[in-house]
Amino acid sequence: MSTAAIAGALVGMSQAKTQMGIQAVLVKQQLKADQGVVDLLASAVQAAPAPGTGQVVDKTA
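Just so you know, the sequence shown maps onto residues 2 to 62 in the working numbering.
If you're looking for bench data, these hints aren't it; they were derived computationally from the structure. Virtual Cβ for every residue (Gly too), placed ideally from N, Cα, C. If a hint is listed, it holds; no wrong ones were tucked in.
Listed next, with one range per pair, are the computed distances between beta-carbon atoms:
(1) Gly22 <-> Ala48: 34 to 42 Å
(2) Gly37 <-> Ala5: 47 to 55 Å
(3) Leu11 <-> Val46: 50 to 58 Å
With these hints in hand, go ahead and build the complete structure from the sequences.
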């Protein structure tokens, strides 16, 4: 194996490592965004009135 072939292989491995690092960052950012949506929906569900609330009008008030 020549020096050029070894150098080429090392450059290829370095590029693959960089690409994997970028992909990992993108996956983490997408996970944060998804978690934000889940948290928003969870807080909306907790703030919702109890089932059956508002179906009957209290005319004695």
